[in-house]
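There are 2 protein chains.
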Amino acid sequence: MTAKFYVSANEVAERAGVSRSAVSRTFTPGASVSPETRRRVMEAADALGYHVNHLARGLMRNESGIVCLIVSEVATPYRSALLSMLTQKLQNAGKVAMLVNTDRSDGSVDRALKQAIRYRADASIIMSGLPDKSITQLCLKNGQRLVLINRDDDQVGALRINLDDYEAGSKIVTAFLRAGCRRLAFANSEAGTPSLMARERGFIDAAKRLGLDVVVERFGWTGYEAGQVLARRLLTREERPDGVFCATDLLACGFMDTARREFSVVIPEQLCVAGFDNIEQAAWKSYELTTFAQPVEDIATEAVRWLDAGPSHDTNRVQLHADFVWRSSIRAG
Amino acid sequence: MTAKFYVSANEVAERAGVSRSAVSRTFTPGASVSPETRRRVMEAADALGYHVNHLARGLMRNESGIVCLIVSEVATPYRSALLSMLTQKLQNAGKVAMLVNTDRSDGSVDRALKQAIRYRADASIIMSGLPDKSITQLCLKNGQRLVLINRDDDQVGALRINLDDYEAGSKIVTAFLRAGCRRLAFANSEAGTPSLMARERGFIDAAKRLGLDVVVERFGWTGYEAGQVLARRLLTREERPDGVFCATDLLACGFMDTARREFSVVIPEQLCVAGFDNIEQAAWKSYELTTFAQPVEDIATEAVRWLDAGPSHDTNRVQLHADFVWRSSIRAG
DNA sequence: ATCGCCTTTGCAAGCGTGTGCAAATGCTGC
DNA sequence: GCAGCATTTGCACACGCTTGCAAAGGCGAT
Chain A
1 MTAKFYVSAN EVAERAGVSR SAVSRTFTPG ASVSPETRRR VMEAADALGY
51 HVNHLARGLM RNESGIVCLI VSEVATPYRS ALLSMLTQKL QNAGKVAMLV
101 NTDRSDGSVD RALKQAIRYR ADASIIMSGL PDKSITQLCL KNGQRLVLIN
151 RDDDQVGALR INLDDYEAGS KIVTAFLRAG CRRLAFANSE AGTPSLMARE
201 RGFIDAAKRL GLDVVVERFG WTGYEAGQVL ARRLLTREER PDGVFCATDL
251 LACGFMDTAR REFSVVIPEQ LCVAGFDNIE QAAWKSYELT TFAQPVEDIA
301 TEAVRWLDAG PSHDTNRVQL HADFVWRSSI RAG
Chain B
1001 MTAKFYVSAN EVAERAGVSR SAVSRTFTPG ASVSPETRRR VMEAADALGY
1051 HVNHLARGLM RNESGIVCLI VSEVATPYRS ALLSMLTQKL QNAGKVAMLV
1101 NTDRSDGSVD RALKQAIRYR ADASIIMSGL PDKSITQLCL KNGQRLVLIN
1151 RDDDQVGALR INLDDYEAGS KIVTAFLRAG CRRLAFANSE AGTPSLMARE
1201 RGFIDAAKRL GLDVVVERFG WTGYEAGQVL ARRLLTREER PDGVFCATDL
1251 LACGFMDTAR REFSVVIPEQ LCVAGFDNIE QAAWKSYELT TFAQPVEDIA
1301 TEAVRWLDAG PSHDTNRVQL HADFVWRSSI RAG
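Those sequence lines, one after another, are chains A and B.
Residue 140 in my numbering sits at position 140 of the first sequence, with consecutive numbering throughout.
My numbering runs 1000 ahead of the 1-based position in the second sequence.
To be clear, the hints were calculated from the coordinates, so they are not data collected in a lab.
Backbone N, C-alpha and C fix where the C-beta goes; we use that ideal spot for every residue, glycine too.
Mixed in with the good hints, there may be bad ones.
Claimed, not checked - Here are some chain A residues pointing at chain B (derived, C-beta under 8 Å): (1) Ser34; (2) Thr37; (3) Leu59; (4) Ser64; (5) Thr87; (6) Val96; (7) Arg261; (8) Ser264; (9) Lys285.
Take these sequences, add in the hints, and give me the full structure.
So, in structure tokens, the structure goes:
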């Protein structure tokens, strides 16, 4: 109906009686412009409703301000928490987040990265899956920065942020022992993600060091329903475990609910449970789950800091610590 | 270290021995290009790792392909579910989602919309808060489309997607009555969002029609902790309610946990509870919450359909239905 | 008055793309 | 061979912005 055109710097310049460069410089921090002209430009800009076109700016500056977040299963508690934190920190750093949802299909992450390339994203942050090496090479070659969160890959030039998953496994073993547990089990999904497998190995190794065997069960994807199935499998064994480490809080929630409902197990008296992630639900009164906290804020801070720092190839690996969160799903020693 | 420049259509053209226009047309669906040149262009493009620069394309076409999602508290189950669905549908429609996280501060949504303007987003989808009218006017005037989800505002030219919140309120009253409940209560947050208030009014009105009074309690923001507080307030009344409608599933979860733990109330025998949203946790065995399902998929479908349709000013209001989901937090009649 | 210096300003080139227009090409039917 | 037509191609301009460069202006010291 009315005009369908955004007002351009030209019109602002005309109205303010200055050159178009002056307008541009007014909106470029650190550019040389006198207070007087800046004032007049601002006035005209406000009156006309002018806003810098970041598409055009990105074209010139070779820097779009866009950061691409690549993630699957956004609706999952841990993922959405991390996503939320990342977008906030990015915004505070003057960047803007472009969200690309991937699935489990082959090439899904690759397609996402190509989208990032098309929009000339300054960086991509990969929270799920693993891209093909040829694509990441393309990104890096073109100056796009790459952050891999909890993806254990040996991409050179990318920032890798990882947790001490392996250590968590051993820490929880001592907690179980102190609680008097002797028949340990590990409940994992079949996803085979490096971080999940590291937790598993850490747990098994630490138990072995103390002379204990661990029953390992794996099923499905990393969600509530898989936790239910895992509970049925583990709790119907002749030697019923009395200390179960679930690779994920979601698994633990499903596990606990099924243990109580279908097997009338009392937690923590008859069975101790631990998880990983410290999702919001872990603190809910129905679970009171002992777990390890994903340092969501630290992850986001590190990622954004590295992006801000420009192409400094010094550190490209950050190891963060997952804090132990003690709750009542494990008996006090 | 290596070249920091993306390859442009120029270089592809040169390598393929054609004009730059040919390259452009090859990547423009429906453009006139012979199969032979298309083949040669594609070959050269693949070899060089060429990807159309969407910033430049957006500049020319006056259509960026970007849709801005404006939302607060992304990590919340319902929000993240809707977000996930929206990004997926947008991707399928060839758009890309730009995520802007808002908070409760004044002008937060306005700042988000300005970000959308700067990136010349084709549309903005607002899931939280309410922008200032002057900003939305600016958006609409510039041809940016606007979708308001569950925000009851009278913005002209924007698509408003709403639920039958009011009707849900009355439907749940009959369910409570059939279960034998006589002392009804409504647990709300203090947010005062139109959709929350509509549920409240619908519940109260329907109860009144059947000759029943409703105790209303409001506290805090719409989360688990608020549900806990509301439980303490409602369950310490001398006339303890036996049927509580929580404005939100999150509230209901907190309510149920506290009712059981701190008041030893047995659900549903001594107390029936219902919620709204049908978040994932509502189906968890610890809650088995009767609730109304946010038609997340329908919402996303409608939004994207409307965006695809171009500027058709015929329908700008969609009323969707929240399906009743029966679970065991209410006694069978 | 002249010079040197610093700040501010305008010009114009360029970023990578889409597209109208006219020229070129190929094909068909006489 | 030629007119008539449809298809394909290239040229050149436009999109809105940044920025190097040189010119202009202000100002104090000589």
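(message) Min Cβ distance, threonine 37/A to chain B: is it shorter than 8 Å?
(response) This hint is violated: threonine 37/A lies away from chain B, its Cβ roughly 22 Å from the closest one there, beyond 8 Å.
(request) With chain B as the partner, please determine if lysine 285/A meets the hint condition of a C-beta pair closer than 8 Å. (result) Given a least distance of 4 Å, the restraint on lysine 285/A holds.
(request) Closer than 8 Å between Cβ atoms is the bar; does leucine 59/A clear it against chain B? Give me holds or violated. (result) It holds, given that the least Cβ distance between leucine 59/A and chain B is near 5 Å, below 8 Å.
(request) So, serine 64/A near chain B? Judge it on the closest CB pair being under 8 Å. (result) Nearest chain B Cβ about 6 Å off; hint holds.
(request) Let me know if the C-beta of threonine 87/A comes in closer than 8 Å to any C-beta of chain B, holds or violated. (result) Result: holds, 4 Å to nearest chain B Cβ.
(request) Have a go at the valine 96/A hint: is there a Cβ in chain B nearer than 8 Å to its own Cβ? (result) At about 6 Å, which falls below the 8 Å cut-off, the nearest Cβ of chain B leaves the hint on valine 96/A intact, so it holds.
(request) Report holds or violated for the interface hint on serine 34/A, using the least CB-CB distance to chain B and a cut-off of 8 Å. (result) violated (25 Å)
(message) Under 8 Å is the threshold here; is the Cβ of serine 264/A close enough to any Cβ of chain B for the hint to stand?
(response) With a closest approach of 13 Å, the serine 264/A hint is violated.
(message) Can you verify the interface hint for arginine 261/A: is its Cβ closer than 8 Å to any Cβ in chain B?
(response) Where the cut-off is 8 Å and the nearest Cβ of chain B is about 5 Å from arginine 261/A, the hint holds.
Hint compliance for this structure: hints 1, 2, 8 are not met, and every other hint is.
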